[in-house]
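My request is simple: use the sequences and hints to build the entire structure.
Number of protein chains: 2
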Amino acid sequence: MTSKHLSTGSPDPPLVPGKLRLYSMRFCPYAQRAQLVLDVKKIPYDVVWVNLTKKPEWLAQKNPLSKVPVLQLEEGSILYESLIVSDFLDEAFPETPLYPSDPLLKAKDKLLVERFNSVILPFFKIVFSSTVQPEESAAILDGLEIFEKELEKRGKPFFGGNRPGMLDLMIWPWFERFELLGIMSDEKFVIPRGRFLRLDKWEDDMKVDDGVRVSFLDVDKHAKYVQTRKATGTPAYDSILES
Amino acid sequence: MTSKHLSTGSPDPPLVPGKLRLYSMRFCPYAQRAQLVLDVKKIPYDVVWVNLTKKPEWLAQKNPLSKVPVLQLEEGSILYESLIVSDFLDEAFPETPLYPSDPLLKAKDKLLVERFNSVILPFFKIVFSSTVQPEESAAILDGLEIFEKELEKRGKPFFGGNRPGMLDLMIWPWFERFELLGIMSDEKFVIPRGRFLRLDKWEDDMKVDDGVRVSFLDVDKHAKYVQTRKATGTPAYDSILES
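As they're listed, the protein sequences go chains A and B.
Count the first sequence with this note's numbering and you get residues 1 to 243, in order.
Count the second sequence with this note's numbering and you get residues 1001 to 1243, in order.
FYI, nobody ran anything at the bench for these hints, they're computed from the structure.
Take the hints with a grain of salt, since some may be wrong.
Derived DSSO-like pairs (lysine-lysine); straight-line CA-CA distance at most 27 Å [stated by the list, open to error]: (1) B:K1221 x A:K108; (2) A:K4 x A:K55; (3) B:K1224 x A:K108; (4) B:K1019 x A:K108; (5) B:K1062 x A:K108; (6) A:K156 x A:K125; (7) B:K1188 x B:K1156; (8) B:K1230 x B:K1201; (9) B:K1067 x A:K108; (10) B:K1230 x B:K1055; (11) A:K55 x B:K1108; (12) A:K108 x B:K1041; (13) B:K1062 x A:K153; (14) A:K156 x B:K1062; (15) A:K41 x A:K19; (16) B:K1108 x B:K1188; (17) B:K1041 x A:K42; (18) B:K1067 x A:K125; (19) A:K125 x B:K1041; (20) B:K1041 x A:K19; (21) B:K1042 x A:K149; (22) A:K125 x A:K41; (23) A:K207 x A:K41; (24) A:K108 x B:K1108.
Every value quoted in this text rests on a predicted model; they were computed, and no experiment measured them.
Okay, structure coming up:
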């Protein structure tokens, strides 16, 4: 977990016998989704961190979109796209299933993952533009309201019940980063603590989950990533993690 | 299948006992995906066609995005998003499964459905703008090349083997409409028949599949839809079908 992000010119490390290989970038919320599934399901894997500004040549060979996450299996097969990788892991390693067994409830969880895009898009806009349009902050608050109500309806600590399920894991990376909204917008927009009481409690519970803790980073590290990326175009991937 | 598209002011028809309810629009390729799954799996359903220009008031209550497909179950539960609806149907009605049972092969099929978006986007651009940018036609041909090679690699008539599977059905609606490229661009871009030999054969086989035939429309009907939509903003949903 502490190795450096590989960049242009770095060779692709050989696969480790008995382990899946995850190609990721330490600050990418989409790649974190796949890592969360691996960690929560306790699937043996190693991570190769990838510099997405100066990409290693072999990344495009693995994923024509040159993005992370990329999952490589021992026999060489490759998968990408965070939701496809996550669903694959859940099916290929059926212990600790992350979806409800009822197809209808499973489909409803997938719909909620889709609906969370209405939060993700304005989140990125605010964080990377450092400006706040009223429709962006409204979209985030409206989106979170849906999840607050859903949690209330389900009446359990997690969307997945008494432990985090797929829906919890697929939306979590943005909750880990929500304080970036205030930091990057100079406090022009913050999600008011206390407005979404159930989500606040859920967030506290998620943070201490054994699987979720593995990839957790404090918000100041996320902020340094965004700030160095915005200032120089080249995030200080590794030095942020050493500090 | 011959009832009219319901528009603003039309009441929502009562559900039919023993049948799933699909809300669709006769010319929408995404909604057709769900219908193809219903037809191929022979799941009992009825369709309510929806005018997407003058939408019935109840559409937004069923789907906050006000789009089709929408699937309503007998007990009232509602699902939307073409891929989520299609996967749900496949899991809830496990006879005639549409995915490979191996999770890795299933994930690879889902990846290919995602990759087909690189064809869908330029397809819509050309059809609705009636202009052809070189990068758009190149993207379509490059995308089709991927599917041609994949079909060759699989060595069977369909991506799903000896009968259409989920991947076949999820990409089919655009193949049914590909001749629109030439019609709408005044023949500035056509997909050359003969360039993708396996896909040409696959297309012929798909067209005569019992399930696929149910929703099939001739390209001149699709063209009238696009033409009336572009000319007046209000497609002549029903008169096209009567002609």
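We went through each hint and held it up to the structure:
1. B:K1221 x A:K108: 35 Å, violated
2. A:K4 x A:K55: Holds, at roughly 13 Å.
3. B:K1224 x A:K108: 36 Å, violated
4. B:K1019 x A:K108: At roughly 20 Å apart (the allowed maximum being 27 Å), K108 (chain A) and K1019 (chain B) satisfy the hint.
5. B:K1062 x A:K108: Within the cut-off at roughly 13 Å; holds.
6. A:K156 x A:K125: Answer violated: K156 (chain A) to K125 (chain A) is near 32 Å, above 27 Å.
7. B:K1188 x B:K1156: Since the Cα atoms of K1188 (chain B) and K1156 (chain B) sit roughly 33 Å apart, the hinted pair is violated (cutoff 27 Å).
8. B:K1230 x B:K1201: 32 Å, violated
9. B:K1067 x A:K108: Holds - the C-alpha atoms of K108 (chain A) and K1067 (chain B) are around 17 Å apart, at most 27 Å.
10. B:K1230 x B:K1055: 18 Å, holds
11. A:K55 x B:K1108: 24 Å, holds
12. A:K108 x B:K1041: Distance of about 21 Å is within 27 Å: holds.
13. B:K1062 x A:K153: 18 Å, holds
14. A:K156 x B:K1062: Since the Cα atoms of K156 (chain A) and K1062 (chain B) sit roughly 26 Å apart, the hinted pair holds (cutoff 27 Å).
15. A:K41 x A:K19: Roughly 14 Å between the alpha carbons, so the hint for K41 (chain A) and K19 (chain A) holds.
16. B:K1108 x B:K1188: 34 Å, violated
17. B:K1041 x A:K42: 36 Å, violated
18. B:K1067 x A:K125: 25 Å, holds
19. A:K125 x B:K1041: 42 Å, violated
20. B:K1041 x A:K19: Violated - the C-alpha atoms of K19 (chain A) and K1041 (chain B) are around 38 Å apart, more than 27 Å.
21. B:K1042 x A:K149: 36 Å, violated
22. A:K125 x A:K41: Violated: K125 (chain A) and K41 (chain A) sit about 32 Å apart, past 27 Å.
23. A:K207 x A:K41: 16 Å, holds
24. A:K108 x B:K1108: 23 Å, holds
Hint check: violations occur at hints 1, 3, 6, 7, 8, 16, 17, 19, 20, 21 and 22; the rest are consistent with the structure.
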